[in-house]
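For reference, the chains in residue letters:
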Amino acid sequence: MSLTPDRLTELKRQAIHLRRLVVESVHHAGAGHLGGPMSAADMLVALYFEVMNIDPQDPRKADRDRFILSKGHSSIGLYAALALRGYFPIEELKTFDAIDSRLQGHPDMAVLPGLDMSSGSLGQGLSPGLGMALASRLKKEPFHTWAMLGDGDSQEGQIWEAALVAGRYQLDNLTAILDLNGLQQYGWATSAGYGEASRQPPQDNPVDRWQSFGWNTIEVDGHDIPQFVDACQQAKAHRGQPSILIAHTIKGKGISYMENDYNWHSQPVTAENLKQAQDELAAQEATL
Amino acid sequence: MTAHTLPLTISDRSAAQRDAFGNTLVELIDRDERVYVLDGDLANSTKADKVSRERPEHFLQMGIAEQNMMGVAAGMASCGLVPWLSSFACFLVNRDLDQLRVVVAQPNLPVKIAGAYSGLLTGKTGKTHQEVADIAVLRAMPNMTVISPADAVEVRAAMLAANDSDGPVYIRMTRDAEPIVFTDDYTFKIGQVITVREGSDITIFSTGAQTVRCLEAADLLAADGVSAHVVHVPTIKPLDAEAIAAAAAKTGRVVTAEDHTIIGGLGGAVAEVLGELQPTRMRRVGIRDTFGESAANEDLLQKYGLTPGHVAQAARELL
Numbered sequence: 001m002s003l004t005p006d007r008l009t010e011l012k013r014q015a016i017h018l019r020r021l022v023v024e025s026v027h028h029a030g031a032g033h034l035g036g037p038m039s040a041a042d043m044l045v046a047l048y049f050e051v052m053n054i055d056p057q058d059p060r061k062a063d064r065d066r067f068i069l070s071k072g073h074s075s076i077g078l079y080a081a082l083a084l085r086g087y088f089p090i091e092e093l094k095t096f097d098a099i100d101s102r103l104q105g106h107p108d109m110a111v112l113p114g115l116d117m118s119s120g121s122l123g124q125g126l127s128p129g130l131g132m133a134l135a136s137r138l139k140k141e142p143f144h145t146w147a148m149l150g151d152g153d154s155q156e157g158q159i160w161e162a163a164l165v166a167g168r169y170q171l172d173n174l175t176a177i178l179d180l181n182g183l184q185q186y187g188w189a190t191s192a193g194y195g196e197a198s199r200q201p202p203q204d205n206p207v208d209r210w211q212s213f214g215w216n217t218i219e220v221d222g223h224d225i226p227q228f229v230d231a232c233q234q235a236k237a238h239r240g241q242p243s244i245l246i247a248h249t250i251k252g253k254g255i256s257y258m259e260n261d262y263n264w265h266s267q268p269v270t271a272e273n274l275k276q277a278q279d280e281l282a283a284q285e286a287t288l
Numbered sequence: 001m002t003a004h005t006l007p008l009t010i011s012d013r014s015a016a017q018r019d020a021f022g023n024t025l026v027e028l029i030d031r032d033e034r035v036y037v038l039d040g041d042l043a044n045s046t047k048a049d050k051v052s053r054e055r056p057e058h059f060l061q062m063g064i065a066e067q068n069m070m071g072v073a074a075g076m077a078s079c080g081l082v083p084w085l086s087s088f089a090c091f092l093v094n095r096d097l098d099q100l101r102v103v104v105a106q107p108n109l110p111v112k113i114a115g116a117y118s119g120l121l122t123g124k125t126g127k128t129h130q131e132v133a134d135i136a137v138l139r140a141m142p143n144m145t146v147i148s149p150a151d152a153v154e155v156r157a158a159m160l161a162a163n164d165s166d167g168p169v170y171i172r173m174t175r176d177a178e179p180i181v182f183t184d185d186y187t188f189k190i191g192q193v194i195t196v197r198e199g200s201d202i203t204i205f206s207t208g209a210q211t212v213r214c215l216e217a218a219d220l221l222a223a224d225g226v227s228a229h230v231v232h233v234p235t236i237k238p239l240d241a242e243a244i245a246a247a248a249a250k251t252g253r254v255v256t257a258e259d260h261t262i263i264g265g266l267g268g269a270v271a272e273v274l275g276e277l278q279p280t281r282m283r284r285v286g287i288r289d290t291f292g293e294s295a296a297n298e299d300l301l302q303k304y305g306l307t308p309g310h311v312a313q314a315a316r317e318l319l
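These protein sequence lines are chains Z and E, in that order.
At position 99 of the first sequence the residue is numbered 99 (my numbering), and the sequence of numbers has no breaks.
At position 164 of the second sequence the residue is numbered 164 (my numbering), and the sequence of numbers has no breaks.
Here are the computed lysine to any residue pairs in the SDA-like style, where the Cα-Cα straight-line distance is at most 20 Å:
1. Z:Lys-61 to Z:Glu-50
2. Z:Lys-140 to E:Asp-32
3. Z:Lys-140 to E:Glu-33
It should be emphasised that the hints constitute simulated quantities derived from the structure, not laboratory data.
Take these sequences, add in the hints, and give me the full structure.
Here is the structure:
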């Protein structure tokens, strides 16, 4: 089912708000990751506002769709999505990374309802997704499991262990989303070495790789919300194989000075940075 | 708490802990439909293969990929299932330790980790397959329960208790048949220490199959007129510190015994407790900061100092 124009405008507005909350929260906390949450922002909005079967008033209901953020350092993006969706007050984002907060630097399911799995040590998110998909099948509780991976995250060997086993179990109730933003924290040198900002991408030929592990692959623009929603529905409908959405994204998307700059993987946001980001996002919202 | 008293003797029956593991998995599945077995391709060694034949719908092969297996278990546990992991202790404690830390122990999920072939007696496989630091590693991890049963009967009893516990549990088990000391009506209580022989001259704390050897050591000492007070400590974490201190105070001399490194295992745990609550002269019998090798069981026990004679000798040094 395609999105109505009004609905699409609303989702785009939520994605802009999500980006603003990320920058404001990291500014307030004095530390945090930015590039990854920005590349994932449109997909997080699509998942939490359009795709997933969830109920913010009943965050632990048994048949809810599960979501795992394997690239756990993008936690503030997920927290902003949860807050906008009504899991907890937006005001609580000000506690990000502070003592006694439920909004830990990396997602902690032990303290925050709405998180289906803890993460943060890279490469670990797909395996619990596999376990959830198996549990859905074994318990005959129909729900879909979504695991968002990073392209750096996928350098960990465990991702490929999970890819191998999920293919063997033909888990078509499991969908991975690869946030292919093309950068990681520091990265691999180009032929020019490390002297300039350019880097080799973290993953080569991801489509071929995932297909060879027995996965259904769907390439998608991770910033095109209608295209992404449609790809999610295709993945849910696919039978006999797990699916992965290979989502082409831009690290730092939406804030001009962050885009495609690995230095904005993680760093403090100054008052000046914040003002510019808020101005740019306000201008984007005015065009909706 | 004081130690539970349950005088034990070495029976003429023997059984392998791993056989009890396989049998009890089937029993658990019949009692509790939440139970599933995840195997790291060692089921015909760990004896979880019994489940694959008799309750195949509760057996999930995860292949030779322990990191993924631990993560899958976390996902299943988060959905209300109780996964039991089948592999060797050396792999479960080392290859997937970060997964255990981040997606099992930190969220406190009820994943049950059955470390088969712990200690030195692993069927001539050598140092790569001998896990002699699992107690030390896992008792340092918050939220973990660490259990080391003495015999096949206690393995079953401990598994029933572990299945009912809400958090992650590690049970270390041995490979080969050993004498049975517990009776079949025994009920395991997590955290309980058990006085298996009353005595007045020296206190011996032991864990795992080494408790059987300590009963033999007590006989050797008795022949010399020395009365050994033997306390079996099947739960190393949570450790009953008061019972440990009280048993030490009873004789004023302590020996610890384990098929494990003396660093950070039962000996380390007892030393920590006594250092704070009841400073006592002690000797630790165990593997002395070295890796093992492949050899026959009796040769390994002799070379690495784990025989009843070694325990008795450590006791004599304190008298």
